Amino acid sequence: MKIQIIISALLALLIIPSCEKFIDVDQPDIIEQEQAFSDKNSTRLSMIGLYGLMAELVEPMFLAGEVRADLVIAGQSANSYIKEFSNNTFSASNPYISPKPFYTLINNVNDFMREFESMVADRKMDSVDYLKYRSELNAIRVWSQYQIARIFGSCRYYTHVLNSGDTTTIQEYVFGEELLQKLIGDLTYSDTIIFTSTTEDLVWQSIRFSDYYVNSLLGELYMDIGDYTSAFDKFNELTRYGDTENRKPLSKFRISASLEEMAWMNELFDEDWESTMLLDNAVFMIAFDNKYNQTNELWNWTSSLNYQVEPAGWYIDQFRAHAYSNEESFDYRFYSLLNPDPNIDRTYSINKYTADDRPFIMMRTARIELMKAYCLNLQGKAGSALTQMRRVRQRIDFPEIDDSEMPSDDAGAMIWIEDKIIEELAYENGFEGQRWFDLMRVAKRRNDPAYLADRVAQKYSEESREKTRNRLLDEQNWYIPVFE
Amino acid sequence: MLRIMKAHPYRLLLALLIISVFTEGIAQQRKAITGYVYSAADNLPMQGIMVSTKYRMVKSATTNESGFFRLTLSDTVRVKSVMLTFSYPGYQAREQYGNFTDTMWVYLTKSDDYSIDREVYYPYANQKYSNMTGAVEQVDFAYSTQVMSSSFHQLLENSSARVTSSSGLPGDGYAINFRGYSTIFADEKPLIVLDGQILGNYRFAETTTEGFYQDPLVNIDPRNIESISLLKDASATAIYGAKASNGVILIKTKSAKVGKTEFDITGHYGYNYMNKRIPVITNSEYFKPYLLEQMYGNGQLIFDDYFIEDPTYNQYYKYNNTTDWQDYIFDFGRSAGANINVRGGDAIAKYFFSGGYLREEGSVRNTDYNRFNIRFNADIDIAEWLVAQANMGVTYSNGNLKQQGLSYANPVLNSLIKAPFLDPFIIDSTDTRLPLTEDSDVLGISNPYEVINNSEATLSSYNFFGTINFKFKISSSLEANVRGSSELNKINEYDFLPNHGFYNNEYPHYNQIMKGISNFTRTSAEFNLRYNNVFKEVHHLSGIAGTRLNLDQIIQDIGTGVGTPSDEFKDLGTAREEGRTKSGYQFLRNEITGFLGLSYNFREVYFADITLAADASSNIGTETEPQILGVPVALSPAVGLGWDLSRLAGFNYQTVINYLKLRISAGQMCNVVYDPYISHNFYTPVQYYTATGYAKLKVQNEELRWERTNKLNFGVDLSLLKQRLYLSADVYYHQAPGLLNNTSTETELGNQYWSNNGDLNTLGSDVRLRYRIIDRENLRWSTEISVAQYSTMAANLDSDLIFDFGDGQKIFRNNKPAGAFYGYEVLGVIPSEAEANALDLYHANGTQFKAGDIHFHDINGDKIIDDADKMVIGNPAPDVYGSLVNIVSYRNYSLLADLSFTAGGEVYNHTRRILESMSGFENQSTATLRRWQVDGQETDIPTAAWGDPMGNSRFSDRWIEDGSYVRLKRLTFTVNLSPWLKSLNNPEFYVTGINLLTFTRYLGYDPEFAYNSSILWEGIDYLLFPQNRTVILGVKIGL
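As given, the protein sequences belong to chains A and B, one line each in that order.
Sequential numbering of the first sequence, starting at 1, is according to my numbering.
Sequential numbering of the second sequence, starting at 1, is according to my numbering.
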């Protein structure tokens, strides 16, 4: 009898302990905390997921930054959601108007930061790595907050891991001075810590956040608060010309000096973007690889097969007039408009997404140069600004800027040059998702809503032009509404 | 007395209680108990009945010819009343208290008849019904029903559980629900315990055959079942912990028996059919003008071919037929089965063996299901202190199915919408029918003849349930049990939908191929200690404590492809690269449950049960509270109290009331059975360029809790008319606070996350009545009524939870019935232009509703019919449901009639929506012939309009119908052949008709259907095949 009791007791003892382990199951389909952050290497790799989330933002960013603006218009075959962006009217059912994917990126940044902190506490990560990762994460968060603010007009600012019940207590900031100062403060933290490895291969250096991109992002933020001196300094740190002694450590980017140096052509049109020249010119871009089932949907939207998003008629006309204005030279940037049938004037399609996995460029050298010109102009350095602009046009072997119509008074000249830069950005930087924000920045600076409204209105047909213009005179309508 | 009772019923109860307690132990002068024993059936005195005391002071007596007995006890007995046992072969032993002052009246019930004295199959041991405090129901089923049922679910027809066959497709599963719903997104199925083994009963997320439910429970052969018990309240179910919150079904298969080897052979053969037809237009003269109207609306050129009325035209005969396509779909299907049971053994080893075969052909042509079952149960006495019990069942089944639901290859759907002027075969210009079938037509509809004959959907499944239990007898009152169990359910599916004859909207010119493999395995172990003792004859104490472990593995892989080189290539590998998809999932689930149960009763008059189960599961998030030793543990406590008034000392009304017991139970049942993705904070691989990283796509909720249901149950059991009438009634209230909810807390800051939000409250009752109306030697008539009723309401939701089920919505709104249909209310059809202008209503897009359009109720009065005008338009939960069974037997003949009924449930008739929308080229029902056509016409059917621009066919109460029905579920005539076949043991012959008659106002094929057992899908008739009607002959032979 005793034997049986002993057997029973032993069995009971076998079952009861290690309960915690027993119910802690490694789900084959689920990656849990321990796997994602097991050691330094897996952590490094885990962070790549953030850029994967960013790749999903390319479509909403392009719609908000480009399709709304003056250079493009929705084609006949566009779906109703794209048309809504083109018409600047929005309905709740539009899947592209949700800030959710941008916040998802922020939530992940916050989550990673928390995990890293606990890894440092557990001595799984050293403090040097931690600082590097943290400043990269920090920059991604600022970037995302900035996109939300300028697209939706306001941004909820939080740096902790979101949990249920939190959502109502998080402060919301409108797109303005207070938020921008906060973001500049945050980003300056990242700017002080170098986290780009110089040994990294060129592709990865330009498709991840780098110190270079942090600098240019800071430049844009400074521009938005009207601090053009700081903005110029930030942009200028990235470019190198002339004497080597004064060169800053980040001075890596240089614009081609002449038409013969074809780098800029590759930058714009080459399907094989992984060629080194483009990488020298791109500060940051979001990459795709069709071998891994990632495609840039913009290729689909803009290609001449679909015409979902087309260049606006006025833009084709103006660009043509500009490109053919000189008998000796031709502005090869006009190739960003593709005309498969030369006999028909208006069959142009957008030619900047020449492959289904061409990257979405967020910042490149030519834009930096034009931003520098813009900053110089607003500092009252009209001459330097024009020189800066000529530097961009020199590489396409296009003639000097005709400044005969430039007003002689300083204030008038500043406005004139500003308009010129915005025109130049249309040729140089069109279809890259920045146009709406560039127009908005000028309209805000001049406190002249009509500046944006007029420009955007010109792409519409007669009947809807006035109606849309009037709507865009209200600054509130510059932002995409967030529906409940 | 009656007046007092009316005024203060509790005072009477209190008085009885006081009397019973204070009179205990008072010594009496007379030391003899006298009384009479009668037969309950015919109220005649019984002679020779053994009367004995139940406990130590064993004394006995027998009754004389007038049923009288006198039992003399020694003078030292100091109690006032003594428990006596009355027993007689062929009758159930009865236990009744006798005292020294009153004459006892005792009524004995035959062994086969229902009584409260009977033992009920109960967790861990049989128990007498009269000793329970929980709401427990023993399911009664006739032997003939058992022999001729294809699934054990049919045995539950007369219980208070609501059992609905998913469809008439052979082998399709069942939805079981009792006592309403206490969950929306967690598991809503009751727990199934088969021979002590807790089954996974896992429903895979997907199936390649639309609308088919691979229910693992259909693999349990009903012919092997000995008894079924339903455990309904907290007190009865708590021992099973956090998986039992929806109730428990206990199934016991036939057990081994000592004695001569017995053979039982049964066989049946019959037909399934379906003679109901939906009245669609079969006359081309009516359909063609309608089609013409639609084509004008579509702005299409008229297809000359269809409308040419000239018989010399070479396509004339092709387009001028009168086809009722439903005739090609429905047919007689055979139903056949055979089974052999063998049982026998000696004092050391006993066994039960069963082998069975079943074939069901559906009333939808080319559908069938075959099942082979083997079961082996054995009891082996290894030593005096060790008994081993093994129960094993193996099932292999295969079937030919068809797509149901909204699939483009649903033959029934196609037969309803196919133009009646077409023919399945090519008809040439001389009106000769060629032996070649037509392809899908220009109107974009498949050829139903091809669909029914050439679409393939095959299924094969292997199933194993096995458990072995070792019982160690440690002492007379203590035993230990060790159990190991294994469950395996493997399903292979293969579907092929050819190109020829099919119209596939998504891939118009390709065939389609689908393959699925699903695998569920469970390994479980249990250890428990049981204690049972009686102290001083009056204190009965029993207890159980133990632990259970479960290890589940769930894997499903599904591959689909389109466009193999031709319809002869039916392999997934030959499908085109594009359009190939692979989906699937797998997860592991480990669970551990500790449980403790204590039962105490005083003199078998006052009963108390306390039960506690603690569950830890890998399903639960690791941060969830409360925690024990760092592990989140779901606690399910329950208490049950019972009071047998008929055994009180002062109670001496046996001639009127034979039994009266009050029960009350309360407890909190947890539910931890849900998708592990809900509660875990996990990362998803995210590809970026050439590298893969991780990201969280949802905002996590660390406070997420499992679900809980607070349950309260009051019950009364009553036996009257000398035990011929039994009544058992329960009233219950379930409150499920903080349901898992995934939609209402969505914010702009991130993807939806799960939260605990909203309650479901259910108030209900169930009543069961059994009455042997006539109980003579040669003529017996018994009736059994089961009526149940409940209503489940939503409460405490932060905001409305709206569930979109594809083309309609359901709503959970505070203080409204849970899962009610949500849509527009229709006030009629606008008869005239003048009326339309007076109403001045507009579609959300700004178009005015004109004459012939539906007049929707503009609730907010803004003249625009939009989302703001939606309201609750129907509650799919029935008001009341139940069954009425009558069994009449005369000599060797008996007749069983089983009526089941449901009243008040409203259902969504999707079929009718397709057939009355009048918005495309599909054939329509004959009701559309009275559609609005001229100004001033008063009708209930709106105008036909291509594409339905005004949304007249939107989800509204136009499609919600009363789903009430009364159905003659089963009519069985049995002849016992013993007088003619004396050499055999109880040979019997049966004729059964199933679903022969249905009375309903429902306009679809059948008001009984279940797309899914979840509350979200309740009452949605998504074109599942109608239930079969069946006529079967069966025999049973014993050797």
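Honestly, the hints are just simulated from the structure, not real lab data.
Bear in mind the structure is a predicted one, so any value in this text is a computation, not a measurement.
It is possible that some hints are incorrect.
[Said to hold, decoys possible] Computed footprint of chain B on chain A, listed as stretches where at least three residues anywhere in the stretch have a Cβ under 8 Å from a Cβ of chain B:
#1 31 to 39
#2 106 to 117
#3 226 to 235
#4 283 to 289
#5 319 to 332
[Stated by the list, open to error] Derived DSS-like pairs (lysine-lysine); straight-line CA-CA distance at most 27 Å:
#6 A:Lys124 / A:Lys21
#7 B:Lys698 / A:Lys100
#8 B:Lys698 / A:Lys40
#9 A:Lys124 / B:Lys698
#10 B:Lys582 / A:Lys291
#11 B:Lys288 / B:Lys276
#12 A:Lys21 / B:Lys128
For glycine and all other residues, C-beta sits at the position ideal for the given N, C-alpha and C.
Taking a Cβ-Cβ distance under 8 Å as contact, does the segment 31 to 39 of chain A have three or more residues in contact with chain B?
-> holds (count 5)
With a Cβ-Cβ cutoff of 8 Å, does the segment 226 to 235 of chain A contain at least three residues near chain B?
-> violated (count 0)
Starting from Lys288 of chain B, check that the Cα of Lys276 of chain B is at most 27 Å away, please.
-> 25 Å, holds
Is the Cα-Cα distance between Lys124 of chain A and Lys21 of chain A 27 Å or less?
-> 22 Å, holds
Taken at face value, is the distance from the CA of Lys698 of chain B to the CA of Lys124 of chain A at most 27 Å?
-> 26 Å, holds
Per-stretch coverage check for the segment 106 to 117 of chain A, three Cβ contacts closer than 8 Å to chain B | holds (count 3)
Pair hint outcome, Lys698 of chain B versus Lys40 of chain A [Cα-Cα no greater than 27 Å] | OK: Lys698 of chain B and Lys40 of chain A at ~24 Å, within 27 Å.
Verify the proposed pairing of Lys21 of chain A with Lys128 of chain B, using a straight-line Cα cut of 27 Å.
-> 41 Å, violated
Annotated coverage of the segment 319 to 332 of chain A by chain B, confirmed only when three residues or more have a Cβ within 8 Å | Answer violated; 0 residues pass the 8 Å Cβ test.
How does the coverage statement for the segment 283 to 289 of chain A fare against chain B, requiring three or more residues with Cβ below 8 Å from a Cβ of that chain?
-> holds (count 3)
Hinted pair Lys582 of chain B and Lys291 of chain A, Cα distance within 27 Å | 18 Å, holds
Does Lys698 of chain B pair with Lys100 of chain A here, judged by a C-alpha cut-off of 27 Å?
-> 10 Å, holds
Of the hints listed earlier, those the structure fails to meet are numbers 3, 5, 12, in rising order.
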